[in-house]
Amino acid sequence: MLQISFIRANQERVLEGLKTRNFRDDDLQLVQQAVELDDQRKHLQKEHDDLLARANQLAKAIGELYKSGQRDEAETKKAEVAELKTKTKTLHEQLQNSETALVDLLLKIPNVPHPSVPAGASDEDNEVRQDWTQPLPELDGEALPHWDLAKKYNLIDFELGAKITGSGFPLFRGQGSRLQRALINFFLDEARRAGYEEIVPPLLVNESTARATGQLPDKEGQMYYVEKDDLYLIPTAEVPITNILRDVILEEKDFPIKMTGYTPCFRREAGAYGKDVRGLNRVHQFDKVEIVQATLPEQSYATLDSMVAQIEQLLQKLELPYRILRLCGGDLGFTSALTFDFEVYSAAQKRWLEVSSVSNFETFQSNRLRLRYRDENRKTQLAHTLNGSALALARIIAALLENNQTADGIRIPSVLQPYTGFNMIS
RNA sequence: GGUGAGGUGGGUGAGUGGCUGAAACCACCGGUUUGCUAAACCGGCGUACCUUGAAAGGGGUACCGCGGGUUCGAAUCCCGCCCUCACCGCCA
0 MLQISFIRAN QERVLEGLKT RNFRDDDLQL VQQAVELDDQ RKHLQKEHDD
50 LLARANQLAK AIGELYKSGQ RDEAETKKAE VAELKTKTKT LHEQLQNSET
100 ALVDLLLKIP NVPHPSVPAG ASDEDNEVRQ DWTQPLPELD GEALPHWDLA
150 KKYNLIDFEL GAKITGSGFP LFRGQGSRLQ RALINFFLDE ARRAGYEEIV
200 PPLLVNESTA RATGQLPDKE GQMYYVEKDD LYLIPTAEVP ITNILRDVIL
250 EEKDFPIKMT GYTPCFRREA GAYGKDVRGL NRVHQFDKVE IVQATLPEQS
300 YATLDSMVAQ IEQLLQKLEL PYRILRLCGG DLGFTSALTF DFEVYSAAQK
350 RWLEVSSVSN FETFQSNRLR LRYRDENRKT QLAHTLNGSA LALARIIAAL
400 LENNQTADGI RIPSVLQPYT GFNMIS
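Residue numbers 0 to 425, in numbering that gives the first Met the number 0, belong to the letters of the first sequence in order.
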């Protein structure tokens with residue numbers, strides 16, 4: 000959520016941002032409406048506070064009058080307070096309605112894209128940076144997609160997952176399980192070496208938490224919900240880890256905050272269909288190591304670059320063909336100012352699979368989190384937050400299996416071998 | 001799941017109807033003193049919103065877990081909820 004004060008001061012920029020995101024003309028009026036609602040809110044607040052101030056004065060006076068025995072005088076003033084109170088009550092309701100209306104409106108206004116975000120309507124318009132310099136791997140006719148490889152080597156059992164839970168809940172076994180565990184440990188170790196504190200967070204979160212990182216109300220339908228206890232299963236470790244910083248005021252010297260965590264991620268993926276959902280391409284439960292940072296505003300873009308570099312390194316070490324996309328306005332997430340997606344090439348499927356997304360949210364997230372710091376004048380300012388996957392496992396496994404298949408089995412990248420304890424799946 | 005105790009500022013903790021946005025102490029920041037450090041002493045030290053001001057600053061409102069209520073007036077009384085701790089039950 001953008002701050003209304005920011006919108007007031009930067010109306011043109013916000014409008015430009017909406018255009019970059021292909022908002023329609025009638026949506027552009029949101030900005031004007033927000034300012035008007037805020038005017039109304041301020042006006043009501045002034046009126047409301049003035050009445051309360053008067054009532055407070057009277058209450059004090061009544062106390063004095065009682066002490067000095069002037070009962071009649073006190074009774075007169077009591078009547079006056081009662082009148083004020085009625086008015087205040089009405090105003091209070093109006094004020095609350097006005098505040099709610101303003102927040103509802105602000106929730107519809109997305110983050111302002113960074114100037115480098117290309118205009119564009121859909122993922123077709125993303126700016127692609129091809130980082131894999133060698134020719135993309137070509138597999139011969141025998142090459143199998145990962146779901147067939149998983150069956151051939153008994154690594155993943157989709158049917159058993161479906162039996163136990165339902166489709167989209169794969170069951171890993173044997174060398175498949177060990178590969179999974181190896182990747183998690185490898186990613187966590189790399190993050191730790193890069194200076195991130197490792198966190199093991201809760202996997203279910205309450206409503207306040209889901210709200211603070213923006214899963215509610217935007218993505219309510221995407222989360223599994225435990226009605227009995229009013230808890231949500233996390234769709235990403237970003238949610239609990241970022242909420243560590245909710246309602247926190249930091250000092251400048253505390254930055255940067257760097258945290259990482261491995262968690263399973265649960266997503267309902269309502270509406271997904273077709274070839275996208277085959278095998279590990281799109282599942283309801285997958286594992287991911289997430290990296291989260293909070294920085295001073297002036298450092299956040301340098302930090303974003305460093306996060307991109309770190310993720311890039313992971314893919315290089317895994318020897319996977321990858322490319323980096325700068326998301327265009329139409330594809331950019333609602334809360335992000337700038338996002339880079341990482342995709343790895345799946346040789347058997349002959350398509351790119353998204354394995355990471357790194358974003359700078361600037362103050363959009365910290366505003367809802369109320370994550371602040373004291374600047375040199377001791378004034379509180381919103382910090383910037385960033386996060387990224389480093390990395391999402393399911394699709395990495397898909398790509399590893401497919402790209403590294405040989406007649407003798409599936410080759411394990413050397414960097415992973417100390418973690419797996421084997422160099423070949425056979 | 002049951003019973004009991006409790007939730008006050010960064011921390012400890014006082015406060016049972018007006019003099020309390022909140023004592024005291026600790027921590028922290030600034031200063032005095034001082035070979036250095038320490039000690040001592042003095043001062044400062046919450047957040048959000050509204051308003052005024054060029055700014056520094058001034059004025060107002062709200063906040064003592066959250067939400068309601070009683071009252072002229074609530075941290076303090078009442079109701080509901082949440083959370084923490086202890087014990088019992090169950091249990092990896």
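It is worth saying that the hints were derived from the structure and are not from the lab.
Where is the CB? At the ideal position from N, CA and C, for every residue including glycine.
Certain hints may be false.
Claimed, not checked - Quick list of the computed label-pair ranges, beta carbon to beta carbon:
#: 1; residue 1: GLU250; residue 2: GLU158; range: 25 to 35 Å
#: 2; residue 1: ASP139; residue 2: SER413; range: 21 to 31 Å
#: 3; residue 1: LEU203; residue 2: GLN93; range: 31 to 41 Å
#: 4; residue 1: ASP139; residue 2: GLU297; range: 46 to 56 Å
#: 5; residue 1: PRO216; residue 2: ARG12; range: 38 to 48 Å
Taking the hints in turn, this is what the structure says about them:
1. GLU250 to GLU158: 25 to 35 Å: Distance hint for GLU250, GLU158 is violated at roughly 54 Å.
2. ASP139 to SER413: 21 to 31 Å: holds (24 Å)
3. LEU203 to GLN93: 31 to 41 Å: Since the Cβ atoms of LEU203 and GLN93 sit about 38 Å apart, the hinted range of 31 to 41 Å holds.
4. ASP139 to GLU297: 46 to 56 Å: holds (52 Å)
5. PRO216 to ARG12: 38 to 48 Å: violated (25 Å)
Checked against the numbered hints above, the structure breaks hints 1, 5 and satisfies the rest.
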